[in-house]
Amino acid sequence: MIFELKDLEVNYGVIRALKGISLEVETGEIVTLIGANGAGKSTTLRTISGLIKPKSGQVIFDGADITHLSASKRVSAGISQAPEGRRIFAEMTTTENLEMGAFLRSDKAEIRKDMADVFERFPILGQRSKQQAGTLSGGEQQMLAIGRALMAKPRLMLLDEPSLGLAPIVVKEIFAIIREINQAGTTIFLVEQNARMALKIADRGYVLETGEITLSGTGEELAASDEVQRSYLGRT
Numbered sequence: 001m002i003f004e005l006k007d008l009e010v011n012y013g014v015i016r017a018l019k020g021i022s023l024e025v026e027t028g029e030i031v032t033l034i035g036a037n038g039a040g041k042s043t044t045l046r047t048i049s050g051l052i053k054p055k056s057g058q059v060i061f062d063g064a065d066i067t068h069l070s071a072s073k074r075v076s077a078g079i080s081q082a083p084e085g086r087r088i089f090a091e092m093t094t095t096e097n098l099e100m101g102a103f104l105r106s107d108k109a110e111i112r113k114d115m116a117d118v119f120e121r122f123p124i125l126g127q128r129s130k131q132q133a134g135t136l137s138g139g140e141q142q143m144l145a146i147g148r149a150l151m152a153k154p155r156l157m158l159l160d161e162p163s164l165g166l167a168p169i170v171v172k173e174i175f176a177i178i179r180e181i182n183q184a185g186t187t188i189f190l191v192e193q194n195a196r197m198a199l200k201i202a203d204r205g206y207v208l209e210t211g212e213i214t215l216s217g218t219g220e221e222l223a224a225s226d227e228v229q230r231s232y233l234g235r236t
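Heads up: the sequence shown at position 203 corresponds to 203 in our numbering, and the numbers run straight through without jumps.
None of these hints come from the bench; they were simulated from the model.
Treat the numbers as computed from the prediction; the structure is a model and nothing was measured.
Some hints could be false.
With a cut-off of at most 20 Å between alpha-carbon atoms, the simulated DMTMM-like pairs for lysine to aspartate or glutamate come out as follows [claimed, not checked]:
1. Lys113 x Glu180
2. Lys153 x Asp107
3. Lys53 x Glu84
4. Lys130 x Asp117
5. Lys108 x Glu96
The whole structure should be built from the sequences, with the hints applied where relevant.
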């Protein structure tokens, strides 16, 4: 077990955003969290990455309680995130954005090797290495956000809505890349509104509704569920 949430509760003032959720991710898995807008998916990720402090409950990583660990120490421990909306540094070049992903590292030779690996995985980023990131296409910016997260050498990568705003053909490419990254050894926790694509590549998944987990199972089981088909796959 690489990662676990235990009875996690998060409040925004009087609003209960997460109502005591529990979930787990095994080493080497792709696990997805699906749900409608406002269900609490991004809140879950922001709590895992240390940007939000929970009211109660625990965040467990590699057997250690990291609930009160700072966001930067979580990155050092092996957790990185490609955030919703990509959040690339628009005025910086592609290369400078990737370097920011390694800002906590000091192993310069390894950083250069990992940069080369990112350019090998995303050839278009190599071609755009000196280009301002803000001038990249939406799909290229998403690749850059994932590449930047990879530069932290994560054992657990958090992906927040990687398909958001992208054309269907680009979405397929991004999901193929996510699967490749997982097969290369990185455990992935994926938050995604595109339930069909997410469940297709996920080993397991959870359904989050108004701050509570209502269903869990393998990707295949959830995709076959009447409730998921009705609510998230557009079938009646």
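Decide if the proposed pair is consistent with the structure: Lys108 and Glu96, CA atoms, cutoff 20 Å inclusive. holds, 14 Å
Is Lys130 within 20 Å of Asp117, Cα to Cα? Between Lys130 and Asp117 the Cα gap is close to 17 Å, so the pair holds against 20 Å.
Does Glu180 sit within 20 Å of Lys113, going by the straight-line distance between their CA atoms? holds, 18 Å
If you draw a straight line from the CA of Lys153 to the CA of Asp107, is it 20 Å or shorter? The given pair, whose Cα atoms are some 11 Å apart, holds under the 20 Å limit.
Taken at face value, is the distance from the CA of Glu84 to the CA of Lys53 at most 20 Å? Given pair Lys53, Glu84 holds - Cα atoms ~19 Å apart, limit 20 Å.
Consistency note: the structure conflicts with none of the earlier hints.
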